[in-house]
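Visitor: Each chain, letter by letter, is given below.
Number of protein chains: 6
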Amino acid sequence: MTKKVNIPFEERPQGSTDVMWRYSQNPVIGRYAIPTSNSIFNSAVVPFEDGFAGVFRCDNKAVQMNIFAGFSKDGINWDINHEPIEMVAGNTDMIESDYKYDPRVTWIEDRYWVTWCNGYHGPTIGIAYTFDFKTFHQCENAFLPFNRNGVLFPEKINGKYAMLSRPSDNGHTPFGDIYISYSPDMKYWGEHRCVMKVTPFELSAWQCTKIGAGSVPIKTEEGWLEFYHGVINTCNGFRYSMGAAILDLEDPSKVLYRTQPYLLAPAAPYELAGDVPNVVFPCAALSDGEKIAVYYGAADTVVGMAFAYQQELIDFIKENSI
Amino acid sequence: MTKKVNIPFEERPQGSTDVMWRYSQNPVIGRYAIPTSNSIFNSAVVPFEDGFAGVFRCDNKAVQMNIFAGFSKDGINWDINHEPIEMVAGNTDMIESDYKYDPRVTWIEDRYWVTWCNGYHGPTIGIAYTFDFKTFHQCENAFLPFNRNGVLFPEKINGKYAMLSRPSDNGHTPFGDIYISYSPDMKYWGEHRCVMKVTPFELSAWQCTKIGAGSVPIKTEEGWLEFYHGVINTCNGFRYSMGAAILDLEDPSKVLYRTQPYLLAPAAPYELAGDVPNVVFPCAALSDGEKIAVYYGAADTVVGMAFAYQQELIDFIKENSI
Amino acid sequence: MTKKVNIPFEERPQGSTDVMWRYSQNPVIGRYAIPTSNSIFNSAVVPFEDGFAGVFRCDNKAVQMNIFAGFSKDGINWDINHEPIEMVAGNTDMIESDYKYDPRVTWIEDRYWVTWCNGYHGPTIGIAYTFDFKTFHQCENAFLPFNRNGVLFPEKINGKYAMLSRPSDNGHTPFGDIYISYSPDMKYWGEHRCVMKVTPFELSAWQCTKIGAGSVPIKTEEGWLEFYHGVINTCNGFRYSMGAAILDLEDPSKVLYRTQPYLLAPAAPYELAGDVPNVVFPCAALSDGEKIAVYYGAADTVVGMAFAYQQELIDFIKENSI
Amino acid sequence: MTKKVNIPFEERPQGSTDVMWRYSQNPVIGRYAIPTSNSIFNSAVVPFEDGFAGVFRCDNKAVQMNIFAGFSKDGINWDINHEPIEMVAGNTDMIESDYKYDPRVTWIEDRYWVTWCNGYHGPTIGIAYTFDFKTFHQCENAFLPFNRNGVLFPEKINGKYAMLSRPSDNGHTPFGDIYISYSPDMKYWGEHRCVMKVTPFELSAWQCTKIGAGSVPIKTEEGWLEFYHGVINTCNGFRYSMGAAILDLEDPSKVLYRTQPYLLAPAAPYELAGDVPNVVFPCAALSDGEKIAVYYGAADTVVGMAFAYQQELIDFIKENSI
Amino acid sequence: MTKKVNIPFEERPQGSTDVMWRYSQNPVIGRYAIPTSNSIFNSAVVPFEDGFAGVFRCDNKAVQMNIFAGFSKDGINWDINHEPIEMVAGNTDMIESDYKYDPRVTWIEDRYWVTWCNGYHGPTIGIAYTFDFKTFHQCENAFLPFNRNGVLFPEKINGKYAMLSRPSDNGHTPFGDIYISYSPDMKYWGEHRCVMKVTPFELSAWQCTKIGAGSVPIKTEEGWLEFYHGVINTCNGFRYSMGAAILDLEDPSKVLYRTQPYLLAPAAPYELAGDVPNVVFPCAALSDGEKIAVYYGAADTVVGMAFAYQQELIDFIKENSI
Amino acid sequence: MTKKVNIPFEERPQGSTDVMWRYSQNPVIGRYAIPTSNSIFNSAVVPFEDGFAGVFRCDNKAVQMNIFAGFSKDGINWDINHEPIEMVAGNTDMIESDYKYDPRVTWIEDRYWVTWCNGYHGPTIGIAYTFDFKTFHQCENAFLPFNRNGVLFPEKINGKYAMLSRPSDNGHTPFGDIYISYSPDMKYWGEHRCVMKVTPFELSAWQCTKIGAGSVPIKTEEGWLEFYHGVINTCNGFRYSMGAAILDLEDPSKVLYRTQPYLLAPAAPYELAGDVPNVVFPCAALSDGEKIAVYYGAADTVVGMAFAYQQELIDFIKENSI
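Protein chains in written order, with our numbering: chain A, 1 to 322; chain B, 323 to 644; chain C, 645 to 966; chain D, 967 to 1288; chain E, 1289 to 1610; chain F, 1611 to 1932.
Check before you lean on any hint, since a few could be wrong.
[Stated by the list, open to error] Subject to a maximum C-alpha distance of 16 Å in a straight line, what follows is the list of computed EDC-like cross-link-like pairs (lysine to aspartate or glutamate):
{"#": "1", "chain 1": "A", "residue 1": "Lys187", "chain 2": "F", "residue 2": "Glu1801"}
{"#": "2", "chain 1": "A", "residue 1": "Lys254", "chain 2": "A", "residue 2": "Glu222"}
{"#": "3", "chain 1": "E", "residue 1": "Lys1579", "chain 2": "E", "residue 2": "Glu1509"}
{"#": "4", "chain 1": "B", "residue 1": "Lys482", "chain 2": "B", "residue 2": "Glu431"}
{"#": "5", "chain 1": "E", "residue 1": "Lys1475", "chain 2": "D", "residue 2": "Asp1151"}
{"#": "6", "chain 1": "C", "residue 1": "Lys778", "chain 2": "C", "residue 2": "Glu727"}
{"#": "7", "chain 1": "F", "residue 1": "Lys1829", "chain 2": "F", "residue 2": "Glu1801"}
{"#": "8", "chain 1": "E", "residue 1": "Lys1475", "chain 2": "D", "residue 2": "Asp1143"}
{"#": "9", "chain 1": "D", "residue 1": "Lys1163", "chain 2": "D", "residue 2": "Asp1143"}
{"#": "10", "chain 1": "C", "residue 1": "Lys863", "chain 2": "C", "residue 2": "Glu934"}
{"#": "11", "chain 1": "A", "residue 1": "Lys187", "chain 2": "F", "residue 2": "Asp1795"}
{"#": "12", "chain 1": "B", "residue 1": "Lys576", "chain 2": "B", "residue 2": "Glu513"}
Keep in mind the hints are simulated off the structure, nothing from the lab.
Using the sequences and the hints given, assemble the complete structure.
Guide: So this is what it looks like as structure tokens:
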């Protein structure tokens, strides 16, 4: 992810001192961007060929959840397929899904890996690989239900694949912490460790109800840079904001730093109103080593982008860590 | 309802392919349209004399719920009485109500019938008739509490009055299906049958939590055309959308077709924000046999309108049926 | 019900001053009284031929709920059929049931009528008649779901059948009041009136959460004598006790008297422990005009009996009325 | 409070007949008014020197709640300190707080008193005094947890300090009434009396779930004029509106008048959308004896102002009293 | 309390090694010990004249809660008045109560003080004094609602009355910790401090949901010996057990020792079954300096006793402290 | 497990026709069988040397949950160690546990394997092996939290270890189905498949809320014989009963037969009353090929035994299958 690509970016607005700022043309993908869609949000983007490819959550007008491939030259203007991804068998024949949502994508070694929330008697983590974003090979679900927000590391750690995830229940889960699990083969998973838990209300209320991994971690000299979401339960429902953590490169179950303040919280109109008001939900981040572009779902309705300078952001995380 | 009247209508916007579209001048009735009102929504309209009459839910600034008569030449510009409807005895002397809300109106044989959610030790279905929208004769409540969304068919079926309704509980009911009941005399009701249930989440999530009848059914050659609302329970509350079904003419407990996608879901600003965000709630539909105009409550605050071409809509329902 | 029959009875125990007392041989029907039963409780008894007949709730060992006919010479020793009642069509062809439980029985004019909680997309009130307790003719459900504890009066009132019932929700309903409804024909029901509501906690806590009609009312000079159950919600669940009310003969929606203290509350071992601890639930009462025998379900597991002197009981109700 | 000060004010808009109206330049304080703030709302203002001082709830970007002093010449343009108030010992050494929010301020006799919701093993009422809005002396918490919305009267009553408050629980309390308590010394409190309870849903639904004192009461000839908030629990969460009551001058536990309609309910965009949608929450009121200016939190995000003519408002309250 | 009285006692059963053991003749007071009672439990006992007096919670058969005086020569055989205590004005004229339950009694200086859970718009702590257990003078409620388990210390501490209590909510509170408050005059209360909180589930699960003070503290050289109840929330409801703590003599908000294991948990039949199964709830303790007798409510139905040797108990608490 | 051992057994009582019957000397292990125990239940037994060994859940009097080894000559009279099992590192160094409960034990190939509910940031499945029931080697937890009732098959299936388990949430989970997972090495797990789900209420209510694997499956010619528990949610809490299923030998995710009626449900006094009333919870079964002995926890307090003839039981399951 950190190879030099020409990532989409916009400089910090004049007068702003924020470490992360919104794209002035947000939302970059509207709710009706494909003919059948009710909403497009919580989607993943990765450098591909001479531009970018993505896997997008497009809920249709029956509010069925599915994931769609898309392509872009600049990371901002997207052609999203009108038909959802159809899976072929990867390391399993069981490739059924009641629904698919909240995809993440990363390149590992020789191919692209997609993870998503996969409906198999409840939400769990689906896995597939693709070489071309045309044919996708579905693998065994990583875990038993109930789980959400499965995010792969972009390289093996100590010789094994590593995945962040958030064990859940079968509804609008009112709790949730981030764990890491390892696999030798993308089929069997174990060595589960707790990575990050919710914070005490008094310490950092925006992430006191539940948290979940967001983007595929970005490798930096300081450690793995991970954007995640945190939730506070107000009297009028959940409010989702974005923070970031830096995990140890060798043992990413160790949190080195973690933002006490949020980086981005719902405040723009397209974040405050929509199918689910007050949601900022990061699912992907691009880095060229200097600049960072984050893709996030807004109000469970559209896709927005936010930007940061990587070193400045890392400094901010370290200086504002819990 | 299907007699040729000059119904309010606006052609489909250029570039739109939607089978149903919003009126460009929405909302047609604002929240403060009468001096005492906090909000006006979930209201019913019917052809009357050389124009239209309606029964409107106007919550006052004490947030007391009541129904008011109103009149219009064109179905769009309304004069709503400043005083609520006062009932006189119909087939009963018990005409008390703790509150009245969500009215529907239809002509049957020789008079107009109004049904509404009537507060009698909880919500149940109130019934009244009027010849002139001046004097209203209240009849026995159709059912025991707890019930909401009682909607009469515009003619007798097999010699009996027929009513759709949604059995409920005494709060913000988190379940609800549509039933039909019959009466020989608008006083005693029976032959209760289940008509439509909520859908599996995977199949059509916008209507997976509860559904309720909306408009008085429109008689067509294909069957009874019924607009209804469906609800999904998001982590930030209920979201109400509109769909449609076609019921068998002879036995309307049989659902012939029913939309898997919604027809209209909250997306306009006046639907996304208001006293109850994310509500589209149809209570009336006008048809001249070719065009259809639907009146719906938006965000429990104002009244909006949406339009369709009848045959195209029927085709859509049949092609997109569950 | 008040004709002179030789009802089962046992005198008040020496030393007791209670107005109602338990049968010393309780429980009269054990949980395994028929080969398939897990529990037999909440059952109804009526004079029949030269003895008694009954309709019994026998949950089987799959914990499926159904009703069974039974016969007894003395009202205490019972032969309960090993097969549940199979219905034939009465005034309807819709005689399906997901489950049947909590029956009541009464004679009206020329036949025996049975009501019970009938599973039709949730609990509602099933109705059937029989002449011989062999063939049962099922009629239309009285009401839409959700309803429980439907109890018929033993004669028409003002020319109409009258039924008490308790509107409910679709689970372990945490509320419930008693209503009355009327029918000209046992098919269509209306004229619904609220009869009795739960009491304020401070006034009579045993009946502050929900109440429901129990026995078929007994006609007395003072009014209709009705045994009912009341529920308090303790920190360890619902506790069901028995009280009694006297309703106006002409207009039984008027409560003349109603016990502030309970008549019988869970205290015997077979009431305190069982499938649902702490339940006393009356479903039938026999009277010869002087003595009264009540049949009640105990701990949702077995059937118990309790006795009273009718005049003394009426005096007690009047003197201890709310 | 009623001394002649030059309070901020704007005349009623042309065409409006509302007894209270919003400031045309709302919100007067934006969510990012100080560098660290996520939101500034539910704040208190009092005349101070030749202008005004205030105590402001500023949640920072970790969503930690704290109170900040601020100053203004005109009551509209504010300089809010960038650092929260640091307390010194008043009548106690226990001046710890897990959090501080929703301050109120009043002058009594010789100093300014601040009350707020103080985090001590849950929310309770914190008390402090200041002479200069620079040094604040924290006193004993008034009550055991759990309590919110503690509001002092601006003078002693019968020789004792008097405080309104709302006993709560430890979460998003779904109930709440207003009580009064007295203290001889701002350290020990007693003589607790219930003042106002929520209203029946049918009578005034906007205040049927919970109510809480808002502004420091204004002494008028008619009694203590108190702005308070009321809450209705919609299917999409709590909606907070503003009403007013007049309490007896001698015995303020007696409510003389209380508005059945609300005075101001969420309708402006900054009230409908924000961190908690649909909140109007008064915390302070200025009066010059003729005009009134109310400061209220909007959507738990910003501060708005609303105005009224005092005598007209009092007449309105008396004429529209429950 | 620690003066030499001839307290009721029974030696430890042979073979037992328990530090606290049940009286072999339990329950000492049955549920029907007075004519009107449904249950007698959670009651308080104190040395009086040449024997003992007590204040008893007797719920009547309407399940109304009230407190009754009673007398005993030996502390085991009791004469409980058949009429509840009627209060006269103490330091207030407001002596109304919606209900009274769970009394405690202690001698301080010149009179006996009774505290109980007093119904005033919800549960709070009522206070009264008596010289003779015939005339009781009711004082101001100590706190705002909602509170339960108010227990006075038997002497002033630093010149002030001191009371333990447990802030609650208005239902079957699922949380609860023990606080202390002080009063110069039994009228105004303040200086509230948290004393003991629930334990982590892993550390001591029987007291992980809520705890509450039980007996009036016994003064010992080691500190104040306090019996309290702890609650675990099982899948079938709350289970109440008894533990003990030793509080600092000078500053009883400091817990010196506290039992990790319970001292007594529901295991006897009269503790396992009754109106509320699985409850052991201490409300009083007698000590002669060597032996201790505890009175506790069992299953919210009857009164039991348990015994211990004081020094052995103190050693046990110290050795098994958290 | 099916090798010829002399298993504990008692013939069916005279007059009984039950396919499974209780041991007449139940409970076989009392709640205080070791000095520190509050309760001993939900425990596992396996043939060992010339008798039996077991792993027992003994909650101590702080209600801390832990597992203890025990030994018996006859399977009925047990010596349980007074100290809990202390783990040494198996295939991991992470051998911490917040608590351990509900063990199961089986022999696979060369050693005994123990699984249990292991507290690691919530309940998950712990694994250990032992050769001698003295030294236990703890391995990686099988799954992420939240999971309960992990039960190993007694031999590898298709070359892999196989485990049944029940994904849960972090409280008194109100749902739960049985899944199977596979592992090549007891460290990494995958190939998760749903095996059995709860039944519709109408079909078999005793298992309609949640189900969980009980005993280590017994290999028979008909398939794997598995005893499991099923739960119904009554208005007074969960009721746990025992049923049995036969799973396909080759692919145990296929259920061949499953009992519609329960085999054993709470009815004996020690099952109806205790720390958690109404619990029958099987955790182990011994078979000599002809006779079967099941060990089950009763009321979360003691251990009971029940017996069956294997072939008769299998015939019963096949004849009474859903």
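Visitor: Give a verdict on every hint.
Guide: To see whether the hints hold, each was checked on the structure:
1. Our distance criterion of 16 Å between C-alpha atoms is met by Lys187(A) and Glu1801(F), whose separation comes to about 7 Å.
2. Pair hint Lys254(A) plus Glu222(A) holds up; C-alpha atoms about 13 Å apart against a cutoff of 16 Å.
3. With a CA separation close to 15 Å, the supplied pair Lys1579(E) and Glu1509(E) stays within the 16 Å bound.
4. Taken as a hint, the Lys482(B) and Glu431(B) pair is honoured in the structure, with Cα atoms around 12 Å apart against an allowance of 16 Å.
5. Straight-line distance between C-alpha atoms of Lys1475(E) and Asp1151(D) comes to about 13 Å, which keeps the hinted pair within the 16 Å bound.
6. Restraint check for Lys778(C) and Glu727(C): satisfied, since their Cα atoms lie roughly 11 Å apart, inside the 16 Å limit.
7. Among the hinted pairs, Lys1829(F) with Glu1801(F) is inconsistent with the structure: their alpha-carbon atoms are about 22 Å apart, more than 16 Å.
8. The suggested pairing of Lys1475(E) with Asp1143(D) is violated, with an alpha-carbon distance near 22 Å, which exceeds 16 Å.
9. Distance hint between Lys1163(D) and Asp1143(D) is fulfilled; the C-alpha atoms sit about 5 Å from each other, no more than 16 Å.
10. In summary, the hint linking Lys863(C) to Glu934(C) is supported, as the alpha carbons are separated by about 12 Å, within the 16 Å threshold.
11. This hinted pair checks out: Lys187(A) and Asp1795(F) have alpha carbons roughly 13 Å apart, not beyond 16 Å.
12. Under the criterion of a C-alpha separation no larger than 16 Å, the hint pairing Lys576(B) with Glu513(B) is consistent with the structure, at around 14 Å.
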